[in-house]
Structure formats: structure tokens, C-alpha cells
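Chain A is fixed; fit chain B onto it per the hints.
Chains as they are written, first to last, in numbering that gives the first Met the number 0: chain A, 0 to 246; chain B, 0 to 189.
Where hints are given, some of them may not hold.
Which stretches of chain A does chain B cover? Using the computed rule of at least three CB atoms under 8 angstroms from a CB of chain B, they are [stated by the list, open to error]:
| id | region |
| --- | --- |
| 1 | 11-17 |
| 2 | 49-55 |
| 3 | 113-126 |
| 4 | 136-143 |
| 5 | 148-158 |
| 6 | 200-213 |
It is worth saying that the hints were derived from the structure and are not from the lab.
Every residue gets a Cβ at the ideal spot worked out from N, C-alpha and C, and that includes glycine.
Take a look at the letters that make up each chain.
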Amino acid sequence: MAAGGEAHSPLEQFEITRLVDLNLGGVDISFTNSALWMVIIVALSTLFFVIATSRAAIVPGRLQSIAELSYEFVAGLLRDNAGKEGMKYFPFVFTIFIFVLMANMLGMVPYSFTVTSHLAVTATMSLIIILGITVLGLVKHGFGFFHVFLPSGVPMWLAPLLIVIEVISYLTRPVSLAVRLFANMMAGHTTLKVFAGFVVALGVAGVVPLLFVVALTALEVLIAFLQAYIFTILTCIYLHDAFHPHH
Amino acid sequence: MRQIFLGLALATAAVSPALAEGAEKKGLPQLRFEDFPPQIFWLVISFVVLLVLLSTLVLPKLQGTIEGRKAKLEGDLATAVSLKDEAAAAIAAYEKALAAARQRANAIAAEAKAQIEAAAAARKAELEAKLAEEAKAAEVRINATKAAALAEVRSIALEAARAIATKVAGIEVDDASAASAVDAALGRNG
Chain A
0 MAAGGEAHSP LEQFEITRLV DLNLGGVDIS FTNSALWMVI IVALSTLFFV
50 IATSRAAIVP GRLQSIAELS YEFVAGLLRD NAGKEGMKYF PFVFTIFIFV
100 LMANMLGMVP YSFTVTSHLA VTATMSLIII LGITVLGLVK HGFGFFHVFL
150 PSGVPMWLAP LLIVIEVISY LTRPVSLAVR LFANMMAGHT TLKVFAGFVV
200 ALGVAGVVPL LFVVALTALE VLIAFLQAYI FTILTCIYLH DAFHPHH
Chain B
0 MRQIFLGLAL ATAAVSPALA EGAEKKGLPQ LRFEDFPPQI FWLVISFVVL
50 LVLLSTLVLP KLQGTIEGRK AKLEGDLATA VSLKDEAAAA IAAYEKALAA
100 ARQRANAIAA EAKAQIEAAA AARKAELEAK LAEEAKAAEV RINATKAAAL
150 AEVRSIALEA ARAIATKVAG IEVDDASAAS AVDAALGRNG
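For reference, chain A alone in the conformation it holds in the complex (with noise of 0.2 angstroms):
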């Protein structure tokens, strides 16, 4: 976001840079200007958290019902999407929100780094979701969570279509799951530069994309929560296929 003064590629600020350079048996887990975000992040987060909820007054503060907010949001989602038995998950699901609602919150600090706009962090997110929510319908449900694939009613010839279009339905979950996160805060991004880089370039007359800049901007905001709630609510739908594989 950050409009520069050397003429920058709109997407260096995804450049990922070696801060601390490690190394753990071969391979390189490096202190990157990510690890730097993730670890804002979680020290931001929990900050706010502890402090809004320090005082637990009956009648809450500003801060405090914020993050009662937040709990109820993501509860609501949470049992609305996964029924009762999902609220065992209930902090797994709320840090993934917080986590993902955070980094692209902070990724709208000019100058700062969207941890959520690389592959590899939405990636391996979307992949532990999807693999723990098979692990623990395999667990649940033993050979039966396959219905995932055949819905009950279907006549036995379309089954073998059917299963596959499921299959590959299931299987695209992941993909999407991580690839629409990270693009979305990606092309946002990329395109705020473009147009911020615009601002300089044309003098005077960058008033007008430096109001566009502006009312981009604040549409990025909306999409920074929009794309945490959408990853939120998709893991508590997957979550649900985990407890009632009939669908």
C-alpha cells in the first residue's frame, strides 16, 4: 500500500524478507517480516482480548463488548452452521477468525505485511481444516462419513457421476478455501498500489485516483472482514458435513 519513492513493482510488498535467518535440521524456518506479523498479531490479539475482558463488568465497557461481540458472532456462526456439537470446537474456530480478521486487518497499516495474502499461510490453514474436519468425521462416523460423497435417496445409477462430481467437490474445498483468501487480499492490495503509485505519477491531477485510493480503501476494509467472516462460516459448514455426513 505503501506509495514509495523508488518506483516499486506493486507487488513487492509481498517481497518475503529474511529478518533472522534460522535453521532447523535442514530446513529453513528463517524469521521472516511474516513471522514478524504473525507474531503482532497474536500479541495484538491477545492484548485486546485481555484487556477488554480484564474488568467483566455486568454492564460491558466499549472494549468489552467488542470482544463479547466476537465471541457471540462467532458462536452464533459456530451453532447456527455446526449445531451443538460444534461448539466443541468453539476456540479452535474463534482463533481462526481472530488470526485471519487481524491479519487482514493489520494488512491495511500502510507499511505493513498481509500475512493472509501468501498461498502458503491460507494454504496450510485451509489444509489442517479440511484434514482435521475428515480425521474427526472418519473418527465419528468410521466408514460411514463417505456418505459425504453419496447423498441418501439417489438412484444407483447416478451414483458413480454423482460420487465423483462429490469427490471432486470435496476436494476443491481446500483449494478454494485457501486460494479466495489469499487472492482477495492479494488483488486488493496490488491494486491499492497501482493506484496509489498513480497518485505521484500524475501531479495534480492524482486528486482523482488518490480519491479513488480512498474509497478503495475503505471497500478493503469491508473485504478484510468479509473474506475472515467467509473463511469463518465455510470452516463451520465443513465442520457440519464432519458430524452429520448425511447430508
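Showing chain B alone in chain A's frame:
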């Protein structure tokens, strides 16, 4: 399902401009696979840390606060309902007492009225009896006076008759003949 399609559409729409931009330089930073391991490592570390921090420090407290508030609200509502019932019971008791008091007041009033009426009737009867008695006595007195007066009239008439007879006729009338003549005259006129 609809959401997935929507998401895919959003994603493709979002990716296309980005891919066009990324064609220059050395490709998308997102697709440099040598950068994947450090990101994944630190993602797992930070996510687990956040999960542990939130679920130990924050979530139990938040849940406690929210459930405590819910319990307090429900308790307060229950108290309000019981207080309302109590108030209704108190009003009912008050009205019952009021009705009883009114009934007693009516009874007392009726009794007093009856007493007063009885007393008045007794006094009236007494008075009437007294008046009747006085009237009787008066009648007796009147009759006595009348009889006396009549007797007096007879003796005066007798004397007058004897005097007139002496003056006019110059005869001395004895008492017995004068009396019989007067009695005859009185009987005629009387």
C-alpha cells in the same frame, strides 16, 4: 454450495488482475516455494500460541461473563415475577380485608339502626300510654266537674224556683215539691 461458487467466482475475478501484474520481474512472491517452509513454521507456532492464549486467558472469562450476565438477567426476571405475584397477592388480601371491613361496618350500622328504632318505638309507646292515661284522667275530671256543675245548677234552680214562687205567687214551696218540679224541668230541657 452457492457460497462455494460465489467464493470461486470472487477468487478468479480477484486473481486475474493480480496474475497480469505478476508476469513481470521474477514472478509472484506468493509462488516462491523456498519461502513456504518458514511461513508455515511460524504460522503453526503463532496460531498454536494464539489458540492457547485465547482459550486459557480470554475465552473462559468471556464465556463466564456472558453466562453470568444471562444468569443474572434470568434471576432478576424471576425475582421480578415473584415480586409481581407477591404484590398481586397483597392487593388481593387488601381487597378481601376491605370487603370484610365494609361488611362489618354495614352490620354495625344495621344493628345500631335497629337499636335506635327499637328505643324510639319504646319511647313512643310509653309516651302514647302516658298521654292516653292523662286523657283518661282529664275525661274523668271533666265528668266530675260536669256532674258537680249540674248538681250545682239543680240546687241553684231549686233555690231560684222557691224564691220566684215566694215572690211571684207568695207561696212557700217545700223542698220536695220544688225538687220534683226542677227535676222535671231539667229532665225536659236536659
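Hint by hint, here is what the structure shows:
no.	hint	in the structure
1	11-17	holds (count 4)
2	49-55	holds (count 3)
3	113-126	holds (count 8)
4	136-143	violated (count 0)
5	148-158	violated (count 0)
6	200-213	violated (count 0)
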